[in-house]
Amino acid sequence: MRYHPHTPGDVRQMLDVCGVSSISELFRSIPEGLRLARPLDVPAATDEVSLLSEFQRLAARNRTEHPPFVGAGAYAHHVPPVVDQLLLRGEFFTAYTPYQPEIAQGTLQALFEWQTFVTLLTGLEISNASMYDGASATAEAVLLATRATGRGKVVVSAALHPEYRKVLATYLASTGDEIVTVPHGADGRTDLAALDAAVDDRTAAVVIGYPNFFGVIDALPEAAAIAKRGGALAISVTSEAVSLGLLQAPGALGADVAVGTLQSFGNGLNFGGPAPGFLAIREGLVRQMPGRVAGATVDRNGRRGFVLTLSTREQHIRREKATSNICTNAGLAALAATIHLSLLGKSGLAHLARLNHARGRQLRDAMKRAGFGLCFSGPTFNEAAFEVGDAAAVVERLARKGIAAGVPLSRWYPDPRMKGALLSVATELHTPELIELFAQSVRG
Amino acid sequence: MNFPDDLKYTRDHEWASVQGAKVTVGITDFAQDQLGDVVYVELPDVGDVVKKGETFGVVESTKAVSDLFAPVTGKVIEVNGPLVDAPETVNEDPYEEGWMIVVEASDPKELAELLDAAAYRKFVEEEQE
Amino acid sequence: MANPTGWKPSMEKGAGSGADPQDTGLMGATRGLAVEEPLVFEQGSPGRCAISLPAVPEGSDPAAEIPAALLRGEIAGMPEMAELEVVRHFTRLSQWNWGIDTGFYPLGSCTMKYNPKSSEALARLPGFAGAHPLLPGSMSQGALELIWKLERALSEIAGFPASVMSPAAGAQGELCGLMMIRAYHVARGNPRHKVLIPDTAHGTNPASAAFNGYSTVTLESGPDGRLHPETVARAMDEDVAAIMITNPNTLGIFESHIAEIAAIVHAKGGLVYGDGANFNAILGVARPGDMGFDVMQYNLHKTFATPHGGGGPGSGPVGVVDALLPFMPLPVVVKEGETYRLVTDPAERPRTIGKIREFWGNMGMFVRAWALIRELGPEGLRRVGELAVLNANYVRAELSGHYNLPYQTDTLHEVVFDDKLQKEAGVSTMDIAKRLIDHGSHPPTVYFPLVVHGAIMIEPTETESKETLDQFVAAMRAIAAEAKADPEALKAAPRKTVRARLDETRAARKPVLRWTPGMKVE
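Protein chains in written order, with the working numbering: chain A, 1 to 444; chain B, 1 to 129; chain C, 1 to 522.
Hints are computed from structural coordinates only; laboratory data are not their basis.
We put the CB at the ideal spot given by N, CA and C, even for glycine.
Hints are not guaranteed to be accurate.
To be verified - Here are the computed lysine-lysine pairs in the DSSO-like style, where the Cα-Cα straight-line distance is at most 30 Å:
| id | chain 1 | residue 1 | chain 2 | residue 2 |
| --- | --- | --- | --- | --- |
| 1 | A | 321 | A | 228 |
| 2 | C | 194 | A | 321 |
| 3 | A | 321 | C | 510 |
| 4 | B | 122 | B | 22 |
| 5 | B | 51 | B | 22 |
| 6 | C | 484 | C | 466 |
| 7 | C | 194 | A | 153 |
| 8 | B | 109 | B | 51 |
| 9 | B | 122 | C | 420 |
| 10 | B | 109 | B | 52 |
| 11 | A | 401 | C | 335 |
| 12 | B | 122 | C | 149 |
| 13 | B | 75 | B | 22 |
| 14 | B | 122 | B | 109 |
| 15 | C | 149 | A | 401 |
| 16 | A | 401 | B | 75 |
What the hints assert, rightly or not - Cβ pair distances, simulated, as ranges:
| id | chain 1 | residue 1 | chain 2 | residue 2 | range |
| --- | --- | --- | --- | --- | --- |
| 17 | C | 52 | A | 60 | 21 to 31 Å |
| 18 | B | 67 | A | 9 | 54 to 64 Å |
| 19 | B | 53 | C | 152 | 37 to 47 Å |
| 20 | B | 17 | C | 238 | 29 to 39 Å |
| 21 | C | 424 | B | 97 | 28 to 38 Å |
Using the sequences and the hints, build the whole thing.
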C-alpha cells in the first residue's frame with residue numbers, strides 16, 4: 001500500500017518498543033464483543049491505473065460537454081489555469097486551520113486578503129474568513145440579526161433562492177423564530193408594499209436576493225430602508241458574485257449584512273460543492289459575527305503579521321455560548337476566489353461583469369428572436385426567466401442533446417403561472433453562436 | 001497577590017467596595033492574572049438591574065472568556081465606560097482604574113454573605129491546588 | 001473565573017531573532033530563503049491586469065437597462081497586477097506555510113494524514129469538476145452513482161443502515177445529527193431539553209447542542225479518562241434528548257463502557273450521538289453502529305484524507321440508525337433499477353428535517369473519499385486503524401518519562417501529554433510547541449482537551465514512517481532536556497519562521513480585519 005510506509009521490520013520494532021506482541025493487543029481496550037469479526041463489506045482494493053479508468057467511466061456519465069445554461073445559485077465561469085496551479089501548492093492544500101500563526105502566515109495573509117476582497121465587493125466594513133456556502137451563510141446571518149436585535153421574526157422575499165429559504169427554515173426550526181415570506185411582483189422584484197406591511201417592531205431582519213433568484217436586480221435600497229424604519233437589519237444575499245463588479249455594493253445601498261457565495265470566482269461547479277460562502281457586516285456587529293476571522297498584528301520584533309483573532313466568540317472557547325458552532329469552513333475555496341480576484345483586479349473585474357451582463361443581453365435577444373419573452377419585467381444581470389410554454393419538457397428535450405437548458409421555476413414555485421418559466425443564464429463561457437444555437441433548440 | 005483588606009470578595013473572583021448602599025464592583029488581581037491580557041470588556045447600561053450571583057457582563061482575554069457575576073442585587077448607577085476602549089486597565093489596575101460598575105444595593109443583607117480578604121485568599125489558595 | 005486553556009501570551013521583546021544558520025534542528029529545519037511579501041493591495045501599478053477575456057460586445061450598455069443608482073464603476077482599492085506578480089505573490093505566501101506535504105503535522109484530533117495526489121486528478125475530471133448541481137438526472141448519473149456508492153460504503157464502514165451526505169463539515173454534521181434527534185423526540189411528543197456532554201468533548205459539541213435549543217450538562221470523566229456508567233446514570237433522566245460521545249475520546253482513550261452507557265441512555269428514551277472526529281482510530285476494527293451509537297458524523301477531511309485546505313472545505317456526512325431514517329434532511333440519492341435519483345421533494349419524505357446546505361453536499365470531497373476507499377479496500381481500511389494506533393503508541397512509549405502522561409490508560413490513535421515536568425523551569429506547552437517548529441515539525445494540538453492543563457495532544461496518523469516518528473521523538477526529547485538546561489532558549493522560539501511569536505493581544509484589542517489605503521500596523 002503506497003500510503004503506508006511500514007515494513008514488517010518496522011512494525012516488529014515498534015511493537016517491541018510498545019511492549020506488546022501484536023497490533024491487535026493495542027486494541028485490548030475495545031471489548032471483544034464490540035470488535036468487528038469480519039472484513040468490511042466494501043469493494044476489493046484497486047490500483048491507480050484501474051482507479052483512473054473507473055473514475056473516468058463514472059465522470060463520463062455526467063454530461064458536461066457544453067457549458068450549462070443553468071445557473072440558479074451555481075455559475076459556470078472561466079477559471080484561469082493559474083488559479084488551480086497555485087491552489088495545488090501543497091503548503092496551502094495540505095495545511096489546516098492556522099492555529100500556529102508563525103508557520104501559517106501564508107494561509108493567514110491570504111485569508112486577510114479574502115476578507116478585504118469581500119469588503120470591497122460588498123461595501124461593508126468587516127468580513128469573516130468564509131462560510132460553508134451561500135445558504136448556510138444566509139441562515140447564520142439571520143441568527144446574527146436575531147442576537148443583535150433581540151427579536152425573533154425574519155421577513156424573507158419569495159424571490160430569495162428557494163434552497164437558501166429551505167436551509168434557513170431548517171436552521172430556525174428549533175429556535176422558535178418566525179419566518180414570514182413576502183411575495184414578488186410581476187416585475188420579479190420583492191413586493192415592497194407587502195414587505196412594508198410585514199416588517200414590525202418584532203422583526204430582526206429583512207432578507208432579499210441581490211440579484212434575486214429570478215436573476216432580477218431586486219429593490220435592495222427600498223427594502224433596506226423599510227428594514228431600517230422597523231429597526232431590523234437588512235440582509236443582502238448574492239449567489240452570482242460577478243454581478244458585484246457592475247452593481248452598486250450592497251453596503252452602499254443600506255445593507256447591514258451581505259452574504260452569499262463567491263463560487264463564481266476561481267471555483268468550478270463540482271456538482272454544487274464546495275463553494276466559498278461569505279459573510280460581511282457593518283462594524284458594530286462584529287461581536288455577533290460567526291466563524292473565524294484573520295487580523296493584522298505585529299510579531300515580537302515589530303514586523304507585521306497575521307493571526308486568527310476575536311476567537312472568544314467561537315465554539316472552541318465559548319462552547320455552548322458561541323455565536324455559531326462553525327469550525328472548519330471553506331478555506332481553500334476562499335483561496336481560489338482570492339487568487340482569481342487578484343488576477344482580475346480592478347479593470348478585469350469590471351470587464352468580466354460587463355461581459356456577463358452583455359451575454360445576458362445576448363441571451364435575452366436570442367430568446368426573443370426565437371419567440372420567447374421574459375417572465376419578469378425587472379432589470380437583470382446575466383440570468384433571466386423565460387416563458388417557454390412547458391419548461392420541464394424543454395429541459396427534458398434539451399437534456400437528450402446534452403444541453404443543460406436551465407431549471408423550471410415550477411420546481412420550487414407551485415403557482416400554475418410558473419409552468420412555462422425557464423431560468424437560464426449566459427456567462428463569458430457562452431459564445432454568441434452557442435447562445436443562438438441554444439435559443440433555436442429551445443424552440444425545437 | 002494583592003487582596004486589599006478594605007474590600008469584600010466573591011467566590012467568582014469579583015471584589016466589592018461598599019460605601020453605604022453604593023457598591024463598586026471589579027475583578028480581583030487573581031482573576032486578571034488567570035485570564036491573561038484582557039482584550040474586551042462588556043458591561044451593562046446605567047439603569048439595568050443586576051441580581052446577586054447572576055451575570056452582569058463579560059471579560060475576555062485572547063484565549064479565555066469569563067462571565068462577570070454580580071456580588072449584590074440592585075440597580076446599576078455608574079459604569080466605567082473608558083474600560084471598553086482600554087481593557088488593559090483591568091490588568092494594570094484591577095482595584096482602582098479597573099473598576100467596572102457601581103450598584104445601588106437593594107438588600108444590604110446580601111453584603112454579609114461576601115468574603116473578607118483573608119477568607120478570599122484562603123479560597124484562592126485552595127482553588128489553585 | 002478561570003482560563004480553561006491555561007494559555008497566556010508571552011511577548012518578551014528582543015528575543016526571537018538570530019537563528020544559528022548551522023542549526024538544522026533534529027528534523028532538518030533550516031532557515032531557508034523566504035521572501036517578504038506585501039498584500040496584493042499594496043502591489044502592482046495602475047493599468048495592469050492579469051486576465052485574458054473576450055471583448056465586451058460593442059453597443060452593450062448596462063446603464064440603458066439598470067437604474068443608475070444600482071450601478072458602480074471600477075472598485076477603488078482592487079489590485080492591478082500582471083500575471084507573474086500574482087503567481088509570485090501566492091507562491092511566496094505558500095512558502096510561509098507548513099502543510100503535510102512539507103513535513104510532520106501531528107495535530108491531535110485533526111488526523112493530518114497524507115492527501116493522495118491521484119484523488120486530486122480524479123476530482124478534476126471535467127465530468128465531476130464541471131458538473132452543474134442542477135443538471136437533469138439523465139445528465140448526472142455519474143455523480144449520483146458516486147454519491148450512492150460512497151453512502152453505501154460509509155454506512156457499512158461505520159455500521160449504520162444509511163447516511164446523510166450533505167453536511168459541509170463535521171460541525172454541520174453534528175448540527176444535522178442533533179436536528180434529527182430533536183425531530184425524533186418532537187415526533188414522540190416532547191423535544192426534551194438537555195444534552196449530556198463529557199468534559200473531554202470538542203467545543204463544537206456544546207455549541208451544536210445550544211444551536212438546537214438544548215442546554216448542556218457536562219459529565220466528568222473518571223480518573224482513568226473514561227466516562228463511567230454511574231456518571232451517566234446519575235445525570236440521565238427523561239428530559240435528556242441525547243448524550244454526545246467521541247469514541248475514542250479526545251484523550252485517545254476508548255470509551256470501553258460505551259455499550260452499557262448506550263443502554264442507560266436508551267432505557268430513558270435518549271439517543272446516543274457519536275462525534276466521529278476520531279473515527280480513524282477504529283477504522284476496520286470496530287463500528288460505532290455496533291456499539292449503540294444512533295447517529296455519528298464522519299469527517300471526510302480527517303478519516304478519508306480529503307485535503308484540509310488551510311481550514312476547509314470539509315465534509316461531514318452523518319450515519320443514522322433506522323429510527324432516524326424518516327428525519328434525514330434532503331436530498332438523498334436512491335437507486336431505482338440501474339438509475340440513480342436525487343430525492344429532493346419533501347412530499348416523498350414528509351418527516352424530513354428539511355435541508356441543511358444548498359444543493360447536495362461537498363461533491364469535490366466525495367470524489368476524493370471514494371477514491372481512497374476504492375484504493376484501500378477492506379484490508380487497507382483496517383490497516384489504516386491499525387497503523388494509526390501503532391504509530392501513536394510508539395510515540396507514547398518513546399516520550400513517556402520525558403513528558404508527563406496524565407492518564408496511564410491505554411490509548412489508541414493519539415496521546416495526550418502535559419507540561420508538568422517542564423513547568424518547574426518555567427517552560428510551558430506553548431514554548432514546547434514553538435520550539436518544535438525550529439526542529440522542523442508542526443506542533444501538536446495544544447491546550448486541548450481542557451481536562452488536561454497544558455495539554456500536548458499528538459496524533460501521528462498511519463501515513464508517517466518510523467523514521468519520521470524517530471526524528472520527532474528525538475526533537476521532543478531534546479526540547480525536554482533543553483527545558484531544564486536552557487529554558488530561555490525555548491522562550492525565544494520559533495527563530496526560523498518568517499515571523500517570531502505574534503502579538504495576539506494586540507490583534508484582539510485593536511482589531512484590523514481588512515486592508516485599507518495607507519494601513520499601518522506597528
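Given the hint that residue 194(C) pairs with residue 321(A), test it: the Cα-Cα distance must not exceed 30 Å.
-> Holds, at roughly 15 Å.
Has the given pair, residue 401(A) with residue 75(B), been kept, meaning a C-alpha gap of at most 30 Å?
-> 74 Å, violated
Within a Cα-Cα threshold of 30 Å, do residue 109(B) and residue 51(B) meet the stated pairing?
-> This hinted pair holds, its Cα atoms lying about 14 Å apart.
Quick one, are residue 401(A) and residue 335(C) close enough, alpha carbons at most 30 Å?
-> At roughly 24 Å apart (the allowed maximum being 30 Å), residue 335(C) and residue 401(A) satisfy the hint.
Supplied distance hint 28 to 38 Å, evaluated on CB atoms of residue 424(C) and residue 97(B) | 35 Å, holds
Take a quick look at whether residue 484(C) and residue 466(C) sit within 30 Å of each other, Cα to Cα.
-> 27 Å, holds
Between residue 194(C) and residue 153(A), is the straight-line Cα distance small enough, at 30 Å or below?
-> 25 Å, holds
Could you see if the CB distance from residue 67(B) to residue 9(A) stays within 54 to 64 Å?
-> Since the Cβ atoms of residue 67(B) and residue 9(A) sit about 56 Å apart, the hinted range of 54 to 64 Å holds.
For the pair we were handed, residue 122(B) and residue 109(B), check the Cα-Cα distance against 30 Å.
-> Given pair residue 122(B), residue 109(B) holds - Cα atoms ~23 Å apart, limit 30 Å.
For the range 37 to 47 Å, tell me whether the beta carbons of residue 53(B) and residue 152(C) fit it or not.
-> 54 Å, violated
Measure nothing beyond the straight line between the CA atoms of residue 149(C) and residue 401(A); if it is 30 Å or shorter, mark the hint as holding.
-> At roughly 27 Å apart (the allowed maximum being 30 Å), residue 401(A) and residue 149(C) satisfy the hint.
30 Å limit on alpha-carbon distance, applied to hinted pair residue 51(B) and residue 22(B) | Between residue 51(B) and residue 22(B) the Cα gap is close to 15 Å, so the pair holds against 30 Å.
Checked against the numbered hints given earlier, this structure breaks hints 12, 16, 19, 20; the rest are met.
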